[in-house]
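Following the hints, put chain B with the ligands in place on chain A, whose structure we already have.
Chains as they are written, first to last, in this note's numbering: chain A, 1 to 415; chain B, 1001 to 1233.
If you're looking for bench data, these hints aren't it; they were derived computationally from the structure.
A few of these clues could be false.
[Said to hold, decoys possible] Per label pair, the in silico range of CB-to-CB distance:
id, chain 1, residue 1, chain 2, residue 2, range
1, A, 9, B, 1033, 38 to 46 Å
2, A, 410, B, 1218, 22 to 30 Å
3, B, 1061, A, 390, 43 to 51 Å
4, A, 288, B, 1069, 49 to 57 Å
5, A, 299, B, 1119, 36 to 44 Å
6, B, 1223, A, 294, 54 to 62 Å
7, B, 1061, A, 17, 47 to 55 Å
8, A, 323, B, 1195, 28 to 36 Å
9, B, 1227, A, 299, 52 to 60 Å
10, A, 294, B, 1061, 40 to 48 Å
11, A, 323, B, 1177, 37 to 45 Å
[Unchecked claim] Below, simulated DSBU-like cross-link-like pairs (lysine-lysine); rule was C-alpha separation at most 35 Å, straight line:
id, chain 1, residue 1, chain 2, residue 2
12, A, 232, A, 138
13, B, 1164, A, 324
14, B, 1007, A, 324
15, B, 1140, A, 6
Ideal placement from N, C-alpha and C gives every residue a C-beta, glycine not left out.
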Amino acid sequence: MNNILKIALRNLLRYKRRTLLTSALITIGVMAVLLFVSISGAFKSMMIGQITDSMLGHLQIHKRGYVASIDNLPLHLNLGGADMQKLETALDALDDVEAYSPRIKFGGMLSNFEETTNIRLNGVDPVREILASPLLSKRFLQGETSDGLLKPGEILMPELLALGMNVKLGATVVVVATNQDGSVNAKTFIVSGILEGISGPGGRDGYIHLDDAREILRITENEANEYAIRLKNPDALESVGKQLAAGLGGELNKQGKPKYEIHTWEKLSPFYNIARMIDMMTLFIKLMLISIVLVSVMNVMIMAVFERIREIGTIAAVGTSPGKILSLFLVEGLSLGILGSVVGAALSLAAIAVLQASPLTFDFGRQKGLLLSPTLDPMEIVVVSLLVVIVSTLASLQPAYKASRMEPVTAMRQV
Amino acid sequence: MSLVYAKDIAKTYQAGEVQVRAIKGLSFEIEPASFVSFVGPSGSGKTTLLNLIGCLDRPTSGHLTVAGTEVASLGRSDGARFRGKNIGFVFQDFNLIPVLTVYENVEYPLLMTAGYNARERRERIETLLEAVGMTDQLKKYPGQISGGQKQRVAVARALVGSPKVVLADEPTANLDHDTAFMVINLMKSMKAERETAFIFSTHDPKIVGEAEIVYTLEDGLLVSREDRRTGDE
Ligand SMILES: Nc1ncnc2c1ncn2[C@@H]1O[C@H](COP(=O)(O)OP(=O)(O)OP(=O)(O)O)[C@@H](O)[C@H]1O
Ligand SMILES: [Mg+2]
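Same shape as in the complex, but just chain A (with noise of 0.2 Å):
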């Protein structure tokens, strides 16, 4: 085995420039798949944090029917205090839940004495929610968390209503809210913080207390209507989803239909779609990543046996069987793919850690200045350099057979 290598190497290297030219291309097509699976895994992992991080939570419980209708934020599809007894006992049990919150989310109206006009509210308990949308606090532009999110008596503002309203940190404003029995009522917040809107559902929502809400809606017993959940590992999406679904989904309403929807974050944000889209890209990429090798690799093996005809009738009549034949071609067909995907990988290594040294920025909806640093999973350098390696030898294994099929006579005769 070791001469076979040695001989396959020897004849890339008697071809020099071709054995560059192949090899470069192989390394150009690997790096274009590195960088591209890097930056826009970078990409996807910052917009899904941010996304689930900021306000959606890995996954929602609600009742049944609950997201059909946000839309009008109803307030009769409440959890009441058995239901969320029953959630809580269910996520303490699941080892790969961070945190959750519950959550009151209703619309209302907001006045500052001058100009009134609605908003959408999200009723927290302040801990809570912090723990399970560690990125709230970061949304901050004005105000600040240091001793908590907000206090009772508070409301967090997001932007572009505050600047709307000319509202400014520590003013006045009155919230109205229709109760679940049609009444109406009111509380005056102290604005604690203004919040940077971003893209999504709930991105322009504001925050005011659990107790706050519970006020406001009249409501006497622990109610929420959605429980937002931060997993550990966002990987463990599935798994919990799954698990929370199979140990929820027995609780059945009167229709006799399970009494609980568990959403993931995928299923709630439209980027979930651009998440896909940037997945199906990469698989183009590879896609073309495999032609390119194919191809180029296919095209060199196939002029080497053709230009070494005669040697191969000489290997053959002093001994050499046609095994040894085969694997001394696809052993140089795989050298090339190794060569390539080797100085492919080790260059877009490179590549990332310049990126990371002087980090590209970039703007999500109204996200400014967002930093993006690239990683390369080491997982995924070994999955393409192995599919470049084999499919360099499929490339080979045409070229090789061929050769091992000459017959010595016909092959020492050719010029």
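Structure of chain B with the ligands alone, referenced to chain A:
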């Protein structure tokens, strides 16, 4: 038992529509450690016959046994193994492997036939390169040595696996007169030293004079056998 035993062997090539009867029924025997030459005009079937004996091609009919093996029965892989073990080749165009050095070219057949450890290989190669006078060119590549030197390396390569027979189809055709003689004499001394039979073809009458047994071919038929040691016809 004879080394090569041929009984009524014939070889017909199919060249498109036409059949070419290159060899038309030959019978002969070659003893171990003999120095045999096939001579004859161009197209008389010398190369065809040597390819048959060398197990590179199969006779169309007849029986051909080399080193006790019926060669027509060998498949591709078995044929390669058989050649590696029993037959050495010296080619008209030298056919050294260009990417291997002189030393590695001689080593090559040993690597392809299992059963030699590194020390055995080195001993064999060094002995042979010494015998053909190429010890000072070990590290050179075929492209860096002369035709005569290439053919000496080829002789060393042919002998390195201790084959029972070395086949050489016009081994001196590409060499000048003096070099040709040198190569033939090298083969002759190797034959004496190593008990290996040499079978070569040529149409150079001066070279023929060096052979012990000379077969003359004409139009695919054996027309004479001359044993120059005894003077038999
Ligand atoms: N592969 C082939 N296909 C068809 N005909 C062939 C083939 N090889 C040889 N022949 C024919 O067989 C006959 C014998 O050829 P061969 O090469 O054995 O002659 P030779 O004695 O070696 O000639 P030379 O001295 O020119 O090398 C010739 O008529 C040749 O044209
Ligand atoms: Mg000939």
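Each hint tested on the structure:
1. For the pair residue 9 of chain A and residue 1033 of chain B, the beta carbons lie near 40 Å from each other, so the given range of 38 to 46 Å is met.
2. About 26 Å separates the C-beta atoms of residue 410 of chain A and residue 1218 of chain B, a value consistent with the hinted range of 22 to 30 Å.
3. Taking 43 to 51 Å as the suggested C-beta distance range, the pair residue 1061 of chain B and residue 390 of chain A conforms, at roughly 47 Å.
4. With their beta carbons about 53 Å apart, residue 288 of chain A and residue 1069 of chain B fall inside the hinted range of 49 to 57 Å.
5. Between residue 299 of chain A and residue 1119 of chain B the C-beta distance comes to about 43 Å, which sits within the given range of 36 to 44 Å.
6. Distance hint check: the CB atoms of residue 1223 of chain B and residue 294 of chain A are about 57 Å apart, consistent with the given range 54 to 62 Å.
7. Here the CB-CB span from residue 1061 of chain B to residue 17 of chain A is close to 50 Å, well matched to the stated 47 to 55 Å.
8. Checked against the hint of 28 to 36 Å, the pair residue 323 of chain A and residue 1195 of chain B passes, with Cβ atoms roughly 32 Å apart.
9. Our hint of 52 to 60 Å for residue 1227 of chain B and residue 299 of chain A holds, since their Cβ atoms are close to 56 Å apart.
10. The hint said 40 to 48 Å for the Cβ distance between residue 294 of chain A and residue 1061 of chain B, and at roughly 46 Å that hint holds.
11. Taking 37 to 45 Å as the suggested C-beta distance range, the pair residue 323 of chain A and residue 1177 of chain B conforms, at roughly 43 Å.
12. For the hint pairing residue 232 of chain A with residue 138 of chain A, the CA-to-CA distance comes to about 19 Å; that is within 35 Å, so the pair holds.
13. Between residue 1164 of chain B and residue 324 of chain A the CA atoms are separated by roughly 24 Å; this keeps the pair inside 35 Å, and the hint holds.
14. With a C-alpha separation of about 34 Å, the suggested pair residue 1007 of chain B and residue 324 of chain A falls inside the 35 Å cut-off, and the hint holds.
15. For the hint linking residue 1140 of chain B to residue 6 of chain A, the alpha-carbon distance of about 16 Å falls within 35 Å, and the restraint holds.
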